[in-house]
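Taking this note's numbering, the leading residue of the sequence shown gets 1, the next gets one more, and so forth.
Derived from the structure by calculation, the hints contain no laboratory data. Any given hint might turn out to be false.
Here are the computed lysine-lysine pairs in the DSSO-like style, where the Cα-Cα straight-line distance is at most 27 Å [said to hold, decoys possible]:
1. Lys48 to Lys37
2. Lys48 to Lys30
3. Lys30 to Lys71
4. Lys4 to Lys71
5. Lys4 to Lys30
Model, not experiment: these values are computed from the prediction.
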Amino acid sequence: MILKLTIDDQTYDIDVPADIMQEAGAFYAKMDQDMDKGWQMSRLWVEKPDLYQRCQIVADRVLGAFHTENKRMVLLMSGYILSRVPHVQEVVVDTSGDITLTEIIA
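Make the full structure from the sequences, and use the hints.
This is the structure in structure tokens:
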């Protein structure tokens, strides 16, 4: 599956192999459990992030992995978004430091 990811004015097509998404199922479930406990989203504490907010959180992790050139993490985090929102059209990642401004376009 392909996730269209826009960072600043650059758009990337992240091709996540289906086998990676399947193998990462337990990892994604653990991520959901962690987020069930609440998450700091920029200046806001979100008690129970909804699906959109979870994807914003994960998109921020994709951004971090992109900056450190951690290709495996880019694939894993992109796979999380694709597994939770399979019909996602594009993710526009905010780079100003405010996770809540990241757009998940489905």
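Status of each hint after checking the structure:
1. For the hint pairing Lys48 with Lys37, the CA-to-CA distance comes to about 7 Å; that is within 27 Å, so the pair holds.
2. Taking the CA atoms of Lys48 and Lys30, the gap is about 15 Å. The hint holds against a cut of 27 Å.
3. For a cut-off of 27 Å, the pair hint linking Lys30 to Lys71 stands: about 21 Å separates their Cα positions.
4. A distance of roughly 15 Å separates the Cα atoms of Lys4 and Lys71; the hinted pair therefore holds under the 27 Å criterion.
5. Distance restraint check for Lys4 and Lys30: the Cα-Cα separation of roughly 25 Å lies within the 27 Å cut-off, and the hinted pair is therefore satisfied.
Comparing the model with each earlier hint shows no violations; every hint is respected.
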